[in-house]
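K.L.:
Residues per chain, in single letters:
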Amino acid sequence: MLKTKLAGIKLKNPTVLCSGILGTSAAILKRVERNGAGALTLKSIGPQPREGHNNPTVIAYESGLLNAVGLSTPGYKNMEEEWKELQDIKIPVIASIYGGSIEEFVEIAEFVAEKKPSMIELNISCPNTKKHGQLFGFEPDVAGEVVSKVKAVSKVPIMPKLTPNTPKLKEVAKACEDAGADAIAAINTVGPGMIIDIETAKPILHFKTGGLSGPAIRPIAVRCVYDIYETVNIPILGMGGITNGKDAMEVLMAGANAVGIGSATYYRGIEAFSLVSQELETLMKEQGYTNIKEITGTAHE
Amino acid sequence: MLKTKLAGIKLKNPTVLCSGILGTSAAILKRVERNGAGALTLKSIGPQPREGHNNPTVIAYESGLLNAVGLSTPGYKNMEEEWKELQDIKIPVIASIYGGSIEEFVEIAEFVAEKKPSMIELNISCPNTKKHGQLFGFEPDVAGEVVSKVKAVSKVPIMPKLTPNTPKLKEVAKACEDAGADAIAAINTVGPGMIIDIETAKPILHFKTGGLSGPAIRPIAVRCVYDIYETVNIPILGMGGITNGKDAMEVLMAGANAVGIGSATYYRGIEAFSLVSQELETLMKEQGYTNIKEITGTAHE
Amino acid sequence: MNEQDYPQGTKIIEIKQETPTVKTVVFQREFNFKPGQFVMVWVPGLDEVPMSLSSKNSITIKDVGETTHALHAMKPSDKIGLRGPYGNGFSLKEKNILAVGGGFGTAPLKPLFKNTNIKWIIGARNKEELLFTEEIDTLICTDDGSKGEKAFVTVLADRELATGKYDLVISCGPEIMLKNLFKVCEQHNINAEFSLERYMKCGFGICGHCAMDPTGWMVCKDGPVANSKILRELKEFGEYTRDKKGEVTSL
Amino acid sequence: MNEQDYPQGTKIIEIKQETPTVKTVVFQREFNFKPGQFVMVWVPGLDEVPMSLSSKNSITIKDVGETTHALHAMKPSDKIGLRGPYGNGFSLKEKNILAVGGGFGTAPLKPLFKNTNIKWIIGARNKEELLFTEEIDTLICTDDGSKGEKAFVTVLADRELATGKYDLVISCGPEIMLKNLFKVCEQHNINAEFSLERYMKCGFGICGHCAMDPTGWMVCKDGPVANSKILRELKEFGEYTRDKKGEVTSL
Ligand SMILES: Cc1cc2nc3c(=O)[nH]c(=O)nc-3n(C[C@H](O)[C@H](O)[C@H](O)COP(=O)(O)OP(=O)(O)OC[C@H]3O[C@@H](n4cnc5c(N)ncnc54)[C@H](O)[C@@H]3O)c2cc1C
Ligand SMILES: Cc1cc2nc3c(=O)[nH]c(=O)nc-3n(C[C@H](O)[C@H](O)[C@H](O)COP(=O)(O)OP(=O)(O)OC[C@H]3O[C@@H](n4cnc5c(N)ncnc54)[C@H](O)[C@@H]3O)c2cc1C
Ligand SMILES: Cc1cc2nc3c(=O)[nH]c(=O)nc-3n(C[C@H](O)[C@H](O)[C@H](O)COP(=O)(O)O)c2cc1C
Ligand SMILES: Cc1cc2nc3c(=O)[nH]c(=O)nc-3n(C[C@H](O)[C@H](O)[C@H](O)COP(=O)(O)O)c2cc1C
Ligand code: FES
Ligand code: FES
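Chains as they are written, first to last, in my numbering: chain E, 1 to 301; chain R, 1 to 301; chain L, 1 to 251; chain U, 1 to 251.
Calculated from the structure, these hints are not laboratory results.
Among the hints, erroneous ones may be present.
[Said to hold, decoys possible] In silico negatives: residues of chain R with every beta carbon more than 12 Å from chain E: (1) Ala7; (2) Gly8; (3) Glu85; (4) Gly100; (5) Ala152; (6) Pro164; (7) Glu271; (8) Leu283; (9) Thr290; (10) Asn291; (11) Lys293.
[Unchecked claim] Partial list, computed: chain R residues near chain L (C-beta under 8 Å): (12) Thr24; (13) Ala27; (14) Arg50; (15) Asn55; (16) Thr57; (17) Ser72; (18) Thr166; (19) Pro167; (20) Thr231; (21) Asn233.
These figures come from a predicted structure and were not determined experimentally.
Where a beta carbon is used, it is the ideal one built from N, C-alpha and C, also for glycine.
Taking the hints into account, I'd like the entire structure generated from these sequences.
P.N.:
Listed below in structure tokens is the structure:
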């Protein structure tokens, strides 16, 4: 009863590992698969090898997490061993990519599409680097251009991942759909935010600011998915603060076809995937739903 | 040791009641005064009598509050009795106002300035009505125009209150300073967000969406105050999720001269004002600070 | 601050017509509560209003406007949202209690029906509007004399208090009735605990909408039950209230 | 998940020079911890690195690079930030224990100095680099024979294990040493618990950076202490690691 589809891709359950969480190696991804995920997203892959920021890069505050990992990546050309290992994975694997220019997005997408991931997620929304990412997701025309140019070189479905930090979210979503996006992922982290250590009077994250994730942002994720669902007809991978089955159902009702699980692994361990699935199934039975499709978008009625 | 100043106004301690919290009548404001607040902000006053949205207008989720009160107001002309009662208050009283057009802002400001509040706060950042507010705070030029026009008719200091929900926060702050603002208040609520009841599949707030406040948003408030401090030279009233003395110190370090206390009253009752002051004083003694000025902006060194 | 302060949908399991204008709605969710505490009742898509708990899983509603009308129109298995319980409830520190229910104001007193220290007076406009009088041993009065004594509850209360047997009067009902009843209590020098009503938004003490003059006593958080000391301070008690906009209107 | 998973500034109260390249930094904050657990140590403005707790309020640091150098340069009353404790620690289920410390790897073992079930072997490159050998009764070896036996710790361990007196070997040190020591343990069929190191970002099991091949065992959360069963599975143990970018580099 948990089966769902995202841009034609079949998922045995709607829980999808979010990009950047545990997605650094094939080994850990396989462990997430064993723990019941419906699909996996790799950590965002970039053009050149990149160390990312110094630590602290990820911290938790009382309501969620803050991160500024800074898109550390071995670079898309240095992952042959990893791609080979990923072949063993039975569930859909989504490759997340980022670039510092539209050309880089195209270059990486073309290369990565050859590796035959189930889908390519375009991270046009990362707030954690000064040059890369975020800007592409702020403006509808830029987002649309990235999508259409990538679409032209990719045989696999394309899913832009949107930022909640623009007042133009609906316009950006529409532009992505019009440009040929096969699905939309939302949301990337909120803010950014900053935490200052009062003993040393210093911002804690090395990059000073970082994106918020986890329980704190769930209402924002729900609103974004709700708004995007009202605007486009392509499927939505909803994420942001989903920690249990109830949260998952809420985001489905807002309009998602599948749900991303990220920070929940901090609160509940890698078991989060099977736990959320089980809890969702129990709730569905209690309320008489027989499949995910019946839940998607019901809050709009 | 807790004394501070905001645009020339002396506060016995840096805790300021945020607009919209308990600010509906002189009676409750006096109670907040008795509970140790350093200054009080009235609930935002608008042009015409307005009921605001139906309930639910304020709810709490696990990390904070969501509200869409919808700027209910008796209208600025229907508060003579209240203004009279407010005369008894010994601490500074800040009048918050909103309008649906720049002309309305000016009209209300002119009227309200005659009542001699210590300062007028311009709510150019409320996300909870479709026509009013938010738009003014999104764009630097519009924000600047509101400030300069209001400034022209007001004998009391002017403090625009900014929204964190624009990527142009710094530009908006700069425009406000350039237009003659005497101080800046930040932040208004984040998002907006939405919570859906999974039993009925309905958004809970009557307005469907509402702004986030409370602990969830503190890192965003800290970042905004930090960014504004880097951009302008006028004093900052920092707010957003401040719940205890440690939070207050963090926001001061980010660059605030005084701190708003809003949702904290949900978590700690009206006692929040004296509690935060006491805790802040204890921390200051532990760390060897002798006045608030020494703390403001230290995170930038 | 409850663990969860947003309304959660729950199924209605039974609806009882109590009087021509009052229904009791019984729902699935059960509250651990103190008599006198209330819940915020959400009718999805319409509004949310405060209602005293008339038992651990019911509210008793008088049809007075749009939202209460919608509640009256509901059927078993329909869903409403609930959050709470909120407020203080009756403290019941004293042992010899006179309880006075006026109209649907008897609802919040119902959870005390099993308390054997209480003597009851229940009044209403007429026989049809008498609430719960079948369920307990009570003095009865109606404005039109259609059942019980033809008198206001204040008259019966005055007579009872004259016996000197009581040290506490608890009550809920129209504010004008409460105001008059309070005068009677003060004359007899007997402590009162009355459940009050004001327009509510948050229900948990942060919007300030339910605060009363001149002390800023908040009905949702400090109340809804006010004792004599508080009632004496509240200059707006029995006089005026604030509407949804926050504007003052006389009662 | 700790109550508070961001670094909090704490004052350094003492700094002890242990060897020419190793210092112990004692700080104000005290941790309730299990030997083998670590903390993330933040040098404001520079970086944050994992360090095993060498006592409830100290870490013992070898100067190997920029951050450790900055830590070595600190003075009492300077502040560092700490979060944790993280990881599993030594389980110490068995009773007859041989502990083997190589170089600064003796640091995480120090909290066990008072455990009387443990026999100690401490080794280092040379006499100067021997850590904590004054503080306990221990077998000593150095690579250059400048103190104790001129041998690797594996040689001494092999000899001890041959006595048949032990049912557990615990150790921390350079991974090549651990790899060889593990071979010795396997030959003697004795269980091992070794503390491992991998590049860490979050320290609490969500970034995945410290996960080892092929099982995805996370050093920060499942470790840092791995037992024999786990060590047998970890094909990268003693072979390669991943740098800050996530790229594989041989040890
Ligand atoms: C603590 C408390 C306990 C209550 N307990 C009960 C009870 O057990 N049974 C019962 O029938 N009624 C109870 N009421 C009254 C009940 O809340 C109103 O009758 C109801 O809100 C009317 O809503 P409406 O939309 O049907 O009517 P409307 O036409 O909207 O209004 C009719 C009256 O109800 C008041 N009202 C409307 N909304 C609210 C609100 N959010 N908060 C407070 N008053 C409001 C209006 O001010 C007006 O005076 C209680 C009120 C309070 C404050
Ligand atoms: C669980 C654990 C416990 C440790 N306990 C101790 C201890 O008690 N005493 C001690 O002296 N050292 C300990 N270390 C090693 C210590 O973390 C490194 O020596 C330190 O990070 C070096 O930082 P640097 O900037 O000085 O050196 P760099 O020049 O940056 O690096 C030198 C080496 O340290 C590694 N390193 C750098 N940053 C990290 C990081 N964030 N996570 C892991 N490794 C890193 C690098 O990969 C490299 O191999 C421990 C490591 C781990 C994983
Ligand atoms: C530590 C961390 C690293 C992340 N790295 C990436 C990334 O590389 N690419 C990306 O698109 N999103 C990244 N994200 C964002 C998540 O994929 C996700 O959109 C966000 O965390 C909201 O979901 P959550 O609340 O379930 O974590 C990262 C989030 C965290 C917490
Ligand atoms: C119930 C509620 C009502 C509010 N009403 C107003 C308002 O009328 N005008 C305004 O400028 N801000 C309003 N705000 C925003 C607060 O003043 C404040 O900026 C925000 O809540 C962040 O601070 P906090 O986290 O301490 O609550 C309201 C907030 C809440 C929770
Ligand atoms: S209803 Fe909001 S304070 Fe009472
Ligand atoms: S350091 Fe992040 S998972 Fe181990």
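K.L.:
So, for every hint listed, does it hold in this structure?
P.N.:
To see whether the hints hold, each was checked on the structure:
1. Separation of Ala7(R) from chain E is adequate, the least Cβ-Cβ distance of about 24 Å exceeding the 12 Å criterion.
2. Its beta-carbon lying about 26 Å from the closest one in chain E, Gly8(R) satisfies the requirement of being farther than 12 Å from that chain.
3. The non-interface label for Glu85(R) is consistent with chain E: the shortest C-beta to C-beta separation is roughly 36 Å, beyond 12 Å.
4. Chain E leaves Gly100(R) outside its interface by the beta-carbon criterion, the shortest separation being 18 Å against a cut-off of 12 Å.
5. At roughly 28 Å from the closest C-beta of chain E, the C-beta of Ala152(R) stays outside 12 Å, upholding its exclusion from the interface.
6. Residue placement check: Pro164(R) does not keep its beta carbon more than 12 Å from all beta carbons of chain E (closest about 8 Å).
7. Distance check for Glu271(R) against chain E: the nearest CB is about 20 Å away, which clears 12 Å, and the non-interface claim stands.
8. Distance to chain E contradicts Leu283(R) as a non-interface residue, since its nearest Cβ pair spans about 7 Å, not more than 12 Å.
9. Even its closest Cβ contact with chain E, about 15 Å, leaves Thr290(R) beyond 12 Å, as expected for a residue assigned away from the interface.
10. Even its closest Cβ contact with chain E, about 15 Å, leaves Asn291(R) beyond 12 Å, as expected for a residue assigned away from the interface.
11. Non-interface call for Lys293(R) relative to chain E: holds, since the shortest CB-CB distance, roughly 14 Å, exceeds 12 Å.
12. Look at Thr24(R): its Cβ gets to within about 4 Å of chain L, closer than 8 Å, so that hint holds up.
13. A distance limit of 8 Å between C-beta atoms decides the matter here; for Ala27(R) the minimum to chain L is near 4 Å, and the interface restraint holds.
14. Using the Cβ-Cβ criterion of 8 Å, the hint placing Arg50(R) at the interface with chain L is satisfied: the shortest such distance is roughly 6 Å.
15. Interface restraint check for Asn55(R): the shortest CB-CB distance to chain L comes to about 4 Å, inside 8 Å, so the restraint holds.
16. Proximity of Thr57(R) to chain L holds as hinted, the smallest CB-CB distance being about 5 Å (cut-off 8 Å).
17. A least Cβ separation of about 5 Å between Ser72(R) and chain L falls short of the 8 Å threshold, and the interface hint therefore holds.
18. With its C-beta approaching chain L no nearer than about 26 Å, Thr166(R) sits outside the 8 Å limit, and its interface hint is violated.
19. The beta carbon of Pro167(R) comes no nearer than 30 Å to any beta carbon in chain L, farther than 8 Å, and the hint placing it at the interface is violated.
20. With a cut of 8 Å, the hint placing Thr231(R) at the interface with chain L is violated, because the nearest CB-to-CB distance is about 31 Å.
21. The restraint placing Asn233(R) at the interface with chain L is violated, with a minimum CB-CB distance near 34 Å, outside the 8 Å limit.
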